[in-house]
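Trainee: Can you make the complete structure from the sequences, with help from the hints?
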Amino acid sequence: MRLLEFEGKNLFQEFDIPVPERIVLKDVKDVSKAIDKIDLPMVLKAQVPTGGRGKAGGIKVVETEEEAEEVVGKLLGSDLKDHKVDLLLAEEQLNIEREIYCGIVGEDEKGTPEIIVSSKGGINIEKIAEKSPEKIERIRVDPRFGLKPYQARNISKKLGLEKSAFKSFSDVLFKLYKVFDTYDAKLSEINPLVETKEGKLIAADSKIVLDDHSLFRHPEFQKKKSRHIENLLEREGSEKGLNYVDLDGSIAVMANGAGLAMALMDLISSEGHSPAAFLDTGGGLSEQRMKDALTLLLKKAKEESKVKAILVNIRFMISPPDAMVKGFIDAIEEKKDVNVPIVLVVRGRKRYVEKAKELLKGSNINLFTDIKEGLKAATEQPSRR
Amino acid sequence: MGIFIDSKSKVLVQGITGRLGRKQTELMLEYGTEIVAGVTPGKGGESVQEIPVYDTVKEALEHHDIEVSTIYVPAPYVEDAVNEAIEAGIKFGVVITDWVPYQDEMKIKKSAEESENFRYIGPNVPGITIPNEIALGMLSSPSVMTPGNVAIVSRSGSLTGEIAEELTEIGVGQSVVMGLGGDPIVGTRMIEAVKMLEEDEQTEVIVLVGEIGGSMEEEASKFIKEKGTKPVVGFLAGRTAPRQKKMGHAGAIVRGDKGTLESKIKAFEKAGVEVAETIWEIPEKVGRFL
Chain A
1263 MRLLEFEGKN LFQEFDIPVP ERIVLKDVKD VSKAIDKIDL PMVLKAQVPT GGRGKAGGIK
1323 VVETEEEAEE VVGKLLGSDL KDHKVDLLLA EEQLNIEREI YCGIVGEDEK GTPEIIVSSK
1383 GGINIEKIAE KSPEKIERIR VDPRFGLKPY QARNISKKLG LEKSAFKSFS DVLFKLYKVF
1443 DTYDAKLSEI NPLVETKEGK LIAADSKIVL DDHSLFRHPE FQKKKSRHIE NLLEREGSEK
1503 GLNYVDLDGS IAVMANGAGL AMALMDLISS EGHSPAAFLD TGGGLSEQRM KDALTLLLKK
1563 AKEESKVKAI LVNIRFMISP PDAMVKGFID AIEEKKDVNV PIVLVVRGRK RYVEKAKELL
1623 KGSNINLFTD IKEGLKAATE QPSRR
Chain B
6 MGIFIDSKSK VLVQGITGRL GRKQTELMLE YGTEIVAGVT PGKGGESVQE IPVYDTVKEA
66 LEHHDIEVST IYVPAPYVED AVNEAIEAGI KFGVVITDWV PYQDEMKIKK SAEESENFRY
126 IGPNVPGITI PNEIALGMLS SPSVMTPGNV AIVSRSGSLT GEIAEELTEI GVGQSVVMGL
186 GGDPIVGTRM IEAVKMLEED EQTEVIVLVG EIGGSMEEEA SKFIKEKGTK PVVGFLAGRT
246 APRQKKMGHA GAIVRGDKGT LESKIKAFEK AGVEVAETIW EIPEKVGRFL
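Residue numbers (the working numbering), protein chains in the order written: chain A, 1263 to 1647; chain B, 6 to 295.
A couple of the hints might just be wrong.
Claimed, not checked - Pairs of lysine to any residue, SDA-like flavour, derived with a Cα cap of 20 Å: (1) A:LYS1634 / B:GLY176; (2) A:LYS1612 / B:GLU171; (3) A:LYS1612 / B:THR173; (4) A:LYS1638 / B:GLU286; (5) A:LYS1486 / A:LEU1351; (6) A:LYS1322 / A:LEU1302; (7) A:LYS1612 / B:SER148; (8) B:LYS28 / A:GLY1544; (9) A:LYS1617 / B:LYS28; (10) A:LYS1612 / B:VAL177; (11) A:LYS1372 / B:ASN122; (12) A:LYS1322 / A:ASP1292; (13) B:LYS115 / A:ILE1401; (14) B:LYS28 / A:SER1581.
Honestly, the hints are just simulated from the structure, not real lab data.
Mentor: Written as structure tokens, this is what we have:
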């Protein structure tokens, strides 16, 4: 889950990384509070979980209270890069001498945290990484011991900073690692880290991506996990622990495994049709999970009449089919106003496949044990419109 | 010894008294896997399916000769469990648990690398099976797999069994069927599996099942191009997946051009890997090499 800028800055502050004077605005009425706290001109920044906010018009410098009210009024509630702006951050404007980059990211191949720094920070960092990789310094550290102060000093030395800046930069980097480590982040980044004309280093932005798998250790973020998912069905999926992706075609796809669901989507496309939804039910075939999953697809079919079939593929590995069948029947019963054919393909452990067949006898689920036949049955359904 | 394990491997189950651990112990025993002990802290002295349960891995190893451990402990305790296995002298681990914290996965990987004697697959892996010899994890259904000369290596759990079953249905047997795990950081990467299969006498054809996201396929392709001698059939799930959408696995997310389907197909093709466009093409393409 990606944190908003101000949430990231709050974490920075917790670890004594210098951040600008700032206040969060929810309403035009909050502008006067901001003016009391922060000198004009100030910067107003839309709090949405995405990059490129400046270019999209989500960051404005204002000179007067009237101007501030106008900008706040315009930005709040607007759509910025597919996200609704609910909050703004008002900040002091910094006297920028230069912009530095520092970030810590988990590197998947070797499985180590990578520390990345550059004296050329700012919005063009990706271009710099591509065109002049020599301007970027990287080191990897042992995830069990973390970044040591001397390692932070060594990499900081390479940036060619003046004496005082060198010391404060390595200090910021060390603390940034503390944030990464303490909050189980996959990424923690300051870009830009501004060196002001007064010679101070201040984190002008924050980008922190937390690991969804670690949120049980950070309950303060756990319930916020799904908040930025704009699509309601996707949000419901996420809240129920299902991997649901909303798509635009005619056949809704569900399987107990992401690879299997993707392979099914690919088959549907190769037959000249298109998937309406992707749903990976994840681990286990519990009654509740199965019910939630099928209910989600039935909702999708109810909303969009162009969904002409639901295609489900369940592979039995270790769980017997009883709970699954019960969950499915419950979902269908509760959503019996949705008149969409359900095609179910069951494969895997033979005795479970046989059991599923027996349990589903007489139900209105179309059952197959061959993917080809199931696919055919789903794609050949007439349109519901 | 086969790939990591063989029919003589003696197996420990960490997390044996949990719901999943119990169920899988039963099914693995049914398959013929020689499970000799289980571990659950606080449950020492109990038994599951007549298998003795110990409080610690160390204790289990004092009473039994064990090289392999299958790990079912809940996600928050996986890091500890793997480290315990390493320190006790386990040689091969199968980490079934999913939703393991990312930074814990980094720490496990580092510890394993350092130990030199320990290797593992997973986390978030269905398991590994040498048909009719031994099954570790969820791939323990006799009807799905049959002995033969085709190795299946897969990032996707559900597809691992599906593809094995498709091959079995047309009479093509498998030397080994193994998952690698769907998470970004896994113990054994595709390239390492391919290197081992190159050395494995039983294996004549390798099937690699990849998906969008990450760089494992690209990395494995480099090795296949330079040093591979055995025919390889590749399949990639996610041809129709929209970009930037997370399709289930943490690994299956495309960032920019890295990890795209195009990049993986190109890498496979350059390495001479036969690319199957749908799962149905896999048996046919494999058949050509047998």
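Trainee: Check each numbered hint from earlier against the structure, then list the numbers of those it violates in ascending order.
Mentor: Going through the list in order, the structure violates no hint and respects every one.
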